[in-house]
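A.B. asks: Sequence:
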Amino acid sequence: MRTLIALVLLAASLGSPAFAADRPLGPEEFRSVDELASEITSYFPKVQGEVKAVQTDRLTIALGKKEGLLPGMSLTLWRDGKEILHPVSGIVLGRQEEEIGTVEVTVVGDGSSTAVVRKKQKDPKSGDRARITPKKISLAIIPLRTDRPELVKQFADQLAASGRFSVLESSKTDAFVKERKLMDSSMLKVMGTALNVDAIVVLGLYPTEGRLMAMARIFYTEEGRQLDTIVALVDEKSGKEALGDVKPFFAPVPVEELKSTAAPELPFLARSVVYGDFEGNGKPVYAFSDGTRLHLYRNEPSGWHEVWTETAAKRDAVTTEWFGMSAQADPATTLEQINVDSADINGNGRPELFVTAMFGGKVFSYVIEFQDGGYRRIADVPGFLRVLQYPGKGAMLIGQAYDPVTFFAGQPKVYSAVDNKYVANAEFPLPKELGLYGWTYANMGDRQPLLVALDDDDHLMVYSGLTMVWKSAEQYVGAGLFVYKPVTGIDAVLSRQASVLDKSQRVKIRGRVVAGDLNNDGRDEIIIQKNIASGMIGGLTGAELNGLAWTGARLEQVWSVKDISGPVYDVAIIRQGAAAPRVVALVKNKGGLFTRDAMQVMSYSMK
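Count along the sequence shown starting at 1, add 706, and that's the number in the working numbering.
Hints listed in this document are in silico derivations from the structure and should not be mistaken for laboratory results.
From the three backbone atoms N, C-alpha and C, an ideal C-beta is built for every residue, glycine too.
Do not rely on the hints blindly, as some may be mistaken.
[Claimed, not checked] Only pairs whose alpha carbons sit at most 25 Å apart, straight line, appear in this in silico DSS-like list of lysine-lysine:
no., residue 1, residue 2
1, K859, K771
2, K859, K841
3, K989, K1068
4, K1099, K1138
5, K1138, K1177
6, K1296, K965
[To be verified] Label pairs and their in silico Cβ distance ranges:
no., residue 1, residue 2, range
7, V1189, P1097, 28 to 38 Å
8, G815, G1228, 47 to 57 Å
9, D1227, H1165, 23 to 33 Å
10, A1101, A1285, 15 to 25 Å
11, K884, Y1190, 35 to 45 Å
12, V822, A1286, 35 to 45 Å
Start from the sequences, fold in the hints, and give me the full structure.
C.D. replies: Set out below in structure tokens:
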């Protein structure tokens, strides 16, 4: 029988993004871990039915909902072989079983189901039989945490008591997992073979509002394919199955205090900021975008010192060369920078600057690097680019194609530097509702990093793999960046004459989400701004800066900076040698009757 693995995960995905469930998570209501164990048992019904029809690799099987079948379940196909005779009496004792292969159930009806062949030893035909073994399933349990061994034992005892499983000794599974650095589909296959088990359950329980949250994920090891996801809310105490006083694995720390420093006002209005040792001389530089060009400045005791500024002539050269436009391109069309990031992708010891811009109705990216004593454009890439700091892997360059209708087009891909060019490689798994911006991965104490993202309404979302497991009720409002899809033909002429833009063509670029370990506890916090709008005069008048940590069930505030004088446009984390990391916020201070608006860099570090 194909080895099967059921992974019960609470608030974390075990393995790569390929493990993500496509089904939405909806919590079930259970009173105890015993009921949770009973729910797991229901995924292994003892069923057997006849194959009624075969069309190429698609089968109709006489099993359905009333037999407990679910989409995604795997069934073994077999047919009767030769008779088995008693060696003395010649009485027929049974028949040999001829294994045909395995199928995956795709559609479940009341009395029949559709399945597709996943493994084939012989061609299936009508009259063959399909089943899930009636024998006991050998099962191992891996706890995600070790702080509640009594609950793990209770869960194991209940599974064994069901009569459906034989549970392996915990010492054997613990020893196997301890030797593995990566929990992925290949490890699951090896685990099933090495331990000679049919199923593995990874168990964790996380407190949330007086209850326990459980997430159960079920996989088949032969393919590393997920069967289903279970999310449950379990009572902490329920009669004789009292769970006792639950000690959270994450104890919310007292809200930290941060000390702040303010740099002098910038001599221009900036929209975004990144930071790095771009010249490789140990003297890091701030790189600001004002929306149309880059400004590189160093913060010195005497004030801001200009290092390099992208000129209009050079900027025009980029756009006209890339699109083959003449210098007399449409004057109503202006370059707009969408995103700026930095990282050493080409491995020469100096970070490159990656700029994504929109010009002439198209989106492209270009790369700037310090070479031969000056900053130079070294490469052009069609479409969008961004840098992702992935826990355990470092900086990754991610790109996505541009389409004038859908804007973001196709699956994002990982880019690498090859011979002074930036080349797209493997696809980067990403929830379909996300664009290239407004999300990050963070190490928040689970086996695998979690994805944290903003939606278009500024709610924070947490994903385990490709599945959203939590969404904030609170909104974390950014300063907002909107770009407009190109309008052509008569619509463009009318729009220009009316000096208005078609809001239906407006696309929101989600703000930056930053993750970092500021208090050296081994877990990242999410650093996010929350801008405040005035109800009387409109517009953004102030801001908060928040540090959020994952409890296993949701993001909770662990520190906050209140009463920031203006809206926060961008946030970055600065790391310099052994010094404690600092949070940098780009703040806009509104001018008065005789003063102009001004941008200021606020820097925060733990006291």
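A.B. asks: Indicate, hint by hint, whether the structure satisfies it.
C.D. replies: Each hint, compared with the structure:
With a CA separation close to 32 Å, the supplied pair K859 and K771 exceeds the 25 Å bound. A C-alpha spacing of about 23 Å is found between K859 and K841, which places the hinted pair at or below 25 Å, so the restraint holds. Proximity of K989 to K1068 is assessed by CA-CA distance (about 35 Å); at most 25 Å being required, the pair is judged violated. A C-alpha spacing of about 23 Å is found between K1099 and K1138, which places the hinted pair at or below 25 Å, so the restraint holds.
Restraint check for K1138 and K1177: the C-alpha separation of about 16 Å stays at or below 25 Å, so the hint holds. For a cut-off of 25 Å, the pair hint linking K1296 to K965 stands: about 23 Å separates their Cα positions. Distance hint check: the CB atoms of V1189 and P1097 are about 30 Å apart, consistent with the given range 28 to 38 Å. In this structure, G815 and G1228 meet the distance hint of 47 to 57 Å, their C-beta atoms being roughly 50 Å apart.
About 26 Å separates the C-beta atoms of D1227 and H1165, a value consistent with the hinted range of 23 to 33 Å. Under the hint 15 to 25 Å, the C-beta atoms of A1101 and A1285, about 20 Å apart, fit the expected range. Under the hint 35 to 45 Å, the C-beta atoms of K884 and Y1190, about 55 Å apart, miss the expected range. Checked against the hint of 35 to 45 Å, the pair V822 and A1286 fails, with Cβ atoms roughly 55 Å apart.
Hint compliance for this structure: hints 1, 3, 11 and 12 are not met, and every other hint is.
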